[in-house]
Amino acid sequence: MRSRQSTVGESTVGQSTLHRASGWRLFARTVAARAYPRLIMNVREKWWLVFEIVLPLIGLCAYVFMYRANNAPADLIGFVIIGGAMSAYWMNVLWSMGNQLFWEKETGNLALYIMAPNSMMAVLLGMALGGMFTTTVRAASILAIGSVLFDVRFAVDSVPLLAAVFMLALVALYGMGMMFASMFLLLGREGWHLVNLAQEPVFLLSGTFFPISSFSFWVAAGASIIPLTLALDAIRQLSFSSGAAMGFLAVRTEVAVLAVLSVVFLIAARLLLRKLERLAIAEGRLTEARA
Amino acid sequence: MWASLRTAAWLGWQIESNWASPALFALYSIIKPLTSAAILVVMFGMVTQGNFASPAFSYMYIGNAFYMYVGAIIAGMAQSVVDDRERFRTLKSMYVAPVNIPLYLTGRGVARFFTTTLSVLVTIGFGIAFLHLQVHPGDIRWGLLFATLCVGMAMLAMMGLVLASIVLTIAHGSWLVGEAVAAALYLFCGAVFPLDALPWWLQPVGYLMPVTYWLELLRRALVGRVAQQYPSLAGFDDRALLTLLVLITAALGVIATATFRRCDRIARERGLIDRTTNY
Amino acid sequence: MRALAIETERLGRIYKPRKHNKDESKTRVALSDVSLTVPRGELFGLLGPNGAGKTTLIKILTTLLAPSSGWACVEGFDVHREPQFVRPCINMVSGGEASGYGLLTVRENLWMFAQFYGLSSADANRRIVELLAIVKMSDRINTKSSQLSTGLRQKMNIARGFLTDPKVLFLDEPTLGLDVEASRDARRYIRRWVDEDATRTVLLTTHYMVEADELCDRVAIINAGRVLACDTPAKLKRTLQREPIFHFETTPLCDGDVAAIAELAGVRKATHSSSDGRSVVELVLGEERVVGPVIGLLESRGIGLITLSKREPTLEDVFIDLVGRSMEEVEHA
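Sequence lines, in order, name chains A, B and C. All residue numbers for the first sequence refer to our numbering, where the first residue is 1 and numbers rise by one. All residue numbers for the second sequence refer to our numbering, where the first residue is 1001 and numbers rise by one. All residue numbers for the third sequence refer to our numbering, where the first residue is 2001 and numbers rise by one.
Not one of these hints is a red herring.
When the alpha-carbon atoms are kept at most 25 Å apart in a straight line, the in silico DSS-like pairs for lysine-lysine are as follows: (1) K2269/C with K2237/C; (2) K2144/C with K1092/B; (3) K275/A with K2016/C.
Some chain B residues well away from chain A (every beta-carbon gap over 12 Å; in silico): (4) V1096; (5) T1117; (6) I1124; (7) H1136; (8) W1142; (9) M1153; (10) A1240; (11) T1259; (12) E1269; (13) G1271.
Rather than coming from a laboratory, the hints here were simulated on the basis of the structure. Glycine is no exception: its CB is placed at the ideal position from the N, C-alpha and C atoms.
Use the sequences and the hints to build the structure in full.
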């Protein structure tokens, strides 16, 4: 016969009592705790300034000079700069969320996260927020330095609208990231390859370095499932005088789609995390170390 | 020494070929290089209204295709240090064994060479078949091509060894170094645009890069007529350019040896050979 | 009767081969028909060779792995159906763990894990200072964990396990990597921790007989996924005490000599090994007077007797009796 007792909220250590948070407080503590390593890295390991800003900027310049060598319109240079800045978030989603779980599995941290009473969504959100500082510095630096270096002329009508599009894009992008990350509960080394594989195709399909309207309507529409696609298009339309002419859909439509994607991805992430966690536990994949 | 190289090459192949799904491997080898090239193709097509018959397209396409070797070998060798130290935790065992470490690191790059060759062939083949890439088998200068590839692989191995040596001395964040350096080199070596497109004060950097000469020789071997239309290195004939490449590669060999010795000593002094960061 | 901290009923786990994995050729039974009850307040040991299923059992009980058959409850909650109620009550420490982040200090790593259990920073920091003092790592509290040796890292892991003051603590070979003194300190602390509070329970897995013998209230011996025996160490050993065990050290024996000894009437079991030019034979006898015929046999075959002693049975003897081979032989097989 199985006996049943109440859950533990307090425990005694000698004469003292440990109080444990639960619910939203536990969620918040987990987010903060998991963001902490990422944030502290920025203080302790200053090399990231070179590898996260300087070198990617140099790589991005290659695309700019390629356009210039072929007499591209000036606004396209700005498109590349914005694409390079926003792609930093995609890279963060891929490598610092999805692939990070693969690394956590290898080191044994994943088992400890699953075993603790916190939520995996809180862990992933902590990873995302922690990485966002570095990523935002990278994106902002690319934008600022690139704009100055290549004399990019912006024509922004509405900064609040631009900011709103940007924030919505981040929510959708990170929601998608959480969804992918849940798949890593099941994957081993093939997950690393999938992440590696997902870089260039996404840069291509989302029009990171060119307007997405270069593709046919249906190709661009299909690519719009990637939040980066419509985010880039909307931001470019709001930032450059020729943006609207080279745009894919009206900004309003793109904002609406991004909003829907945000909700869908976040819900899907929550559902998938639960489902795939159970599947990983059933198949014994949480604790295997696969080289 | 030969045993170190051979064993490392075997190990590198075991790691590279350790795919859970061969289908995924095939997809990876085809999709990744093609989409990388496709980005440039779309960009080019948009600004030139699809003028793929233009010499500029062949210049760009070939440069980008062969640049994959640069990323794979240089970044790959640096990544081997990270993998062996952090993930597999075998670097200390390699150091304890009578293994020639520079040759070991070079051998680990050999597997990447083979997998990248597949990607390069797929990319070039796609370009010829679908994008009017001006490569005609009858016009290829095979001798120059073969010689350039051989010297180029040695050059890239030396550059990779320099980078891998530096990574030995970096405990944290070393996983970023290889890819970041390869991405940065892309700008200066005239991979997708002639050096003349760079500002005048940056052009000397390009002339200092051995990869610049390597890519130029490859273009001359594959699409000689196209290469002639870009006068950046017109002052050098093939023999001079190849000789220059050989001399630079030899110099890189000396630099790589000296760099490895110094970095190896620093890594040992700081106890970094078996340092794991768990991050 | 004390409430149960851990309860399993016919628990089983089978690993099936996956497609594309050339290393897995057939189904592997990791656990089979494991039924155990561990009341609260007990320090329960799981003793067995490598690959016996100890870690698999712990993974199931800590909600990391689903059972293929049977069920298991921790603190009254089903580990598979109600993991969200099990997790606040438990913690786990594994031997040779590499968890945490290298760029964080010991304090920061421990603080981070404490947050995942909802502890306030004040409570967490206080506990960290207390526990690091117990594992004698106070001077390393601000050292980055990437700079710790294997043993120090394991001490940090042990501190992490106790940090949240769980109701049930799972220790999977926790002294792996620790030196002799540190292992002894760890064992003492584990015993004290359980004794301090009758609601605390520890399930400890080990393949060190001494650890199980010295530490555990009860021990389950497991091999090839099955529990072979479960009782207090004293009672387990007493099952063999009716049969005396003698330890002979002789000049080298050949296979024929050993066979002849084993065939003597009254010899229940004979185990033979050689080292340094000598042979060591352990005999489990039906009664003590069988020693005489054994000595006589050695004399008749011209084998020199170097030492002879009577040995009290150990848990290793219990294991050999149950399995037919020593733990090392099982691991090498």
